[in-house]
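Peer 1: Take these sequences, add in the hints, and give me the full structure.
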Amino acid sequence: MIMNVIETDKLTKCFGSFTAVDHISFAVGEGEIFGFLGANGAGKTTAMRMLCGLSTPTSGTGKVAGFDIYKETEQIKRHIGYMSQKFSLYGDLKVWENIRLYGGIYGLSEKQLKAKTDELLRVLDLENERNTLVDALPLGWKQKLAFSVAIIHEPRIVFLDEPTGGVDPVTRRQFWELIYQAAERGITVFVTTHYMDEAEYCNRVSIMVDGKIEALDSPSALKSSFKAGNMNEVFHALARRAKRTEN
Amino acid sequence: MKSPLVAFVRKEFIHIFRDKRTMMILLLMPVVLIILFGYAITTEIKCVPIAILDQSRDEVTQKMISHFVASEYFELYKMIDNVEEGRALFRQGKVRMVLIVERGKVKGESEIQLLVDATDPNEATQLSAYATQIAVEQLSPFTFHLSTGKGIVPVISLLYNPQLRGAYNFVPGVMGLILILICAMMTSVGIVKEKEIGTMEVLLVSPLKPVYIILAKATPYLLLSLVNIATILALSYFLLDVPINGSLLLLVGVSVLYALVALCLGLLISTIADTQQAAMLISAVVLMLPVILLSGMVFPIENMPEILQVISNIVPAKWYIIAVKDIMIKGLGLGSVLQEIGILSLMVVVLIGLSVKRFKIRL
Amino acid sequence: MREIDIRHINKAYGEVRALQDISLHIGEGELFGLIGPDGAGKTSLFRILTTLLLADSGTASVCGLDVVRDYKEIRWRVGYMPGRFSLYQDLTVEENLNFFATVFNTTVRENYDLIRDIYVQIEPFKKRKAGKLSGGMKQKLALSCALIHRPDVLFLDEPTTGVDPVSRVEFWDMLDRLKRQGITILVSTPYMDEASRCDRIALMRGGRCLSVDTPEGIRATFDKYLYAVRSASMYKLLLDLRTYPDADSCFSFGDAHHFSIRKEVVDKEGEAVFRKDLQAFLTAKGHADIGIEPIKPGIEDCFMAL
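Residue numbers (this note's numbering), protein chains in the order written: chain B, 5 to 251; chain H, 695 to 1057; chain V, 203 to 508.
Since the hints were derived computationally from the structure, they do not count as laboratory data.
Any given hint could turn out to be false.
Stated by the list, open to error - Here are the simulated BS3-like pairs of lysine-lysine, each with C-alpha atoms no more than 25 Å apart in a straight line:
#  : chain 1 : residue 1 : chain 2 : residue 2
1  : V       : Lys438    : B       : Lys227
2  : H       : Lys887    : V       : Lys331
3  : V       : Lys498    : B       : Lys227
4  : V       : Lys329    : H       : Lys714
5  : B       : Lys14     : B       : Lys67
6  : V       : Lys498    : V       : Lys478
7  : V       : Lys274    : H       : Lys1051
8  : B       : Lys14     : B       : Lys81
9  : H       : Lys1054   : H       : Lys903
10 : V       : Lys426    : V       : Lys465
11 : B       : Lys216    : V       : Lys334
12 : V       : Lys334    : H       : Lys887
13 : H       : Lys889    : V       : Lys274
14 : H       : Lys714    : V       : Lys331
15 : V       : Lys334    : H       : Lys714
16 : H       : Lys788    : H       : Lys740
17 : H       : Lys887    : H       : Lys903
18 : V       : Lys328    : H       : Lys714
19 : H       : Lys887    : V       : Lys328
20 : H       : Lys1051   : H       : Lys903
21 : H       : Lys1054   : V       : Lys274
22 : B       : Lys216    : B       : Lys67
23 : B       : Lys98     : B       : Lys118
24 : V       : Lys498    : B       : Lys231
25 : H       : Lys889    : V       : Lys334
26 : H       : Lys887    : H       : Lys714
27 : V       : Lys274    : H       : Lys903
28 : V       : Lys426    : V       : Lys470
Because the structure is a prediction, the values reported are computed rather than measured.
Peer 2: And the structure:
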């Protein structure tokens, strides 16, 4: 039986009279690649913050990696990885210094650190760039490195917030291959994206509209139930219903 | 149709008014600084322990001593019998000043001598100033009554700090500081912010003249700094009893001139800095520190090593503070601050030239 | 005269050669797309054309005006929306629009007809601060601000980056309407699927123009056969396809992998034989539910093949 690493029940977050996330209930299994889609302002970021233990829900319950999102946020943080398009690595540190920094933050030993650094650089084909400042790397390489660093401590789940925005098509696909490899190792991947073709790469996809999860299933099941040729059409059919216009 | 400049200035005011926190800081800062300098960071002398050696012991010196003891500045620690005893008390740190009245040859014709602990030179200067004041006040009626040439002549020997300076020092200093802060720092941060959020790109591509951008950024802060000058002057006049002896108009005029120098400095910084953080740091290090340290606001310029004295000449605040003191405290007119006005004007011309040259019409 | 002419433009930042010998001609009323990922040199080209940056060598003109010599006149005639949203977050929608109108010495009323279609969608929120708008809304406001002075040429640098797919489609619909009014539009995007909305596109990478043509023309240059291949185990399929003898390239595209192969390899034995062979190859690797169908290449396929 596959264990669930994320479970939420009627999870809600209000800001004043505005309900950003409205009673969402879903579960994500171990090693699953879960796509979390929605238009700008649908509530994705708020939901993700609650799951990462950065924001306390208004009501509802949730467990991430088996820990309660109200009380055990410290444990949650130790068992998740996080990477976003905006914040990933320190541009003024060298490649190996970044790896070392994050490894150190998650408490890897000196020996583990050295082994991990070598392995990472080899897998990413960055051995010649070990001493390069991260700022000097092309965006796609940066994002691949950032992802590898985000899972350096072998977390149960990794949250990816629009990881491939602006990345060139070839590197974008290499990035997804890294995601597949991580999923094969049993790391659950929770990812948001604006590229609808990437939604197809997920095992299951949820689509948020106005703070609610309006659809949740595998891409092929979603396409057949919406009688759509691809995920793009599914998304448009759902997002057109949105009434909300603000963030 | 509205002029673009008016629209731009209005936009700048909206930025300032919408950012309530910054605006409160800008308006309250002078109040806080004046109160801090006026009360908390007081350099005023109160109840300083002194020892007195009276070798004359006539009515005149007795009366003078009683005034010393009665004044709020001094507190008699001990009457002593010889100079050695005084030195011992100094060493033990029991007293910070020793007043020696020498034996007079004729009644009422004594020489007085002051020994002052000048480990804190500013305090020593003030102590000696107060002491001299009391001595002269008490002794002058006698010198007046007696025939000329026979009065008591105070001979004051100040250790380490031979210069006397007035007490109304910090009000001009605070004015110099606030104007630099608001005009230079806020202007540079305001311009650099537009670079950061990318609006500068759009403004540059628009037909708006660069000089409009500069003027629009500078105007609100110039007005705001005028409000601050008014606040400072009102507070110091009504709360701290600092007189405004000279022409108010002249004082405001000089302040506006100084504010212009500060604005130009801000512009120059904005052409160098690319982030708001950098603009703030540069403003703080390049502008605020020299104002505090090199303008004579805290440390007297006369006491500085020669090299710093030379450097202090390029600190605009130095000239502004001198001018303000001349106008406010000494009550002097336009004629006596011409040099300062000339120097500040020259700075404006040079700085405007530099920043307009550096202000890029492209990225 | 609303055309853009770019001749042999070069630009370097120290060691980095941002633009290398770029030459393009964009005609009046054309909707022209610069397609390429981050670092392709799109923003540098925009800045040169909007007179913000000087090229190291080469010349360029906008509306027949030289970007260096006549920069002042160009600034009257172009609208520009830089990559980052260039609005004042603490000003309301209305204040932003009015401000940009006065900067260009005009009023909102004077040119309202041009922006009406776009502005009506955000008008209900005109008292709201720009910082409180959603991504799609901000983008519409930014476009309104760039259009307020009725420019002859419009420069839009990655207007749809980070915007959700629905708002993106709406945005391209707006550009279509503007084009019909005779405005020349140069727009850049990292999303390959948006390329088909342009009249002509330039594919850019690493500071070079790889090819310039209509989207159809670019698709026609794809000189290999392309197949969409599916199976039950997609990741394994990707790795296995790459080991197929004579495989040219294989990339995942949504729910299928796009597998390209040189024409002569297929034509040698005929298509039916090739598909049977591939099917057998994959079955031998343990794949089930195998689907192989020939497809037409998209812009993204072409880009990756370049």
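Peer 1: Could you run down the list of hints and mark each one as holding or not?
Peer 2: Checked hints:
no., hint, result
1, V/Lys438 <-> B/Lys227, "holds, 23 Å"
2, H/Lys887 <-> V/Lys331, "holds, 18 Å"
3, V/Lys498 <-> B/Lys227, "holds, 21 Å"
4, V/Lys329 <-> H/Lys714, "holds, 19 Å"
5, B/Lys14 <-> B/Lys67, "holds, 12 Å"
6, V/Lys498 <-> V/Lys478, "holds, 20 Å"
7, V/Lys274 <-> H/Lys1051, "holds, 17 Å"
8, B/Lys14 <-> B/Lys81, "holds, 22 Å"
9, H/Lys1054 <-> H/Lys903, "holds, 11 Å"
10, V/Lys426 <-> V/Lys465, "holds, 5 Å"
11, B/Lys216 <-> V/Lys334, "holds, 21 Å"
12, V/Lys334 <-> H/Lys887, "holds, 19 Å"
13, H/Lys889 <-> V/Lys274, "holds, 20 Å"
14, H/Lys714 <-> V/Lys331, "holds, 15 Å"
15, V/Lys334 <-> H/Lys714, "holds, 17 Å"
16, H/Lys788 <-> H/Lys740, "holds, 15 Å"
17, H/Lys887 <-> H/Lys903, "holds, 19 Å"
18, V/Lys328 <-> H/Lys714, "holds, 22 Å"
19, H/Lys887 <-> V/Lys328, "holds, 24 Å"
20, H/Lys1051 <-> H/Lys903, "holds, 14 Å"
21, H/Lys1054 <-> V/Lys274, "holds, 14 Å"
22, B/Lys216 <-> B/Lys67, "holds, 19 Å"
23, B/Lys98 <-> B/Lys118, "holds, 15 Å"
24, V/Lys498 <-> B/Lys231, "holds, 22 Å"
25, H/Lys889 <-> V/Lys334, "holds, 21 Å"
26, H/Lys887 <-> H/Lys714, "holds, 17 Å"
27, V/Lys274 <-> H/Lys903, "holds, 9 Å"
28, V/Lys426 <-> V/Lys470, "holds, 14 Å"
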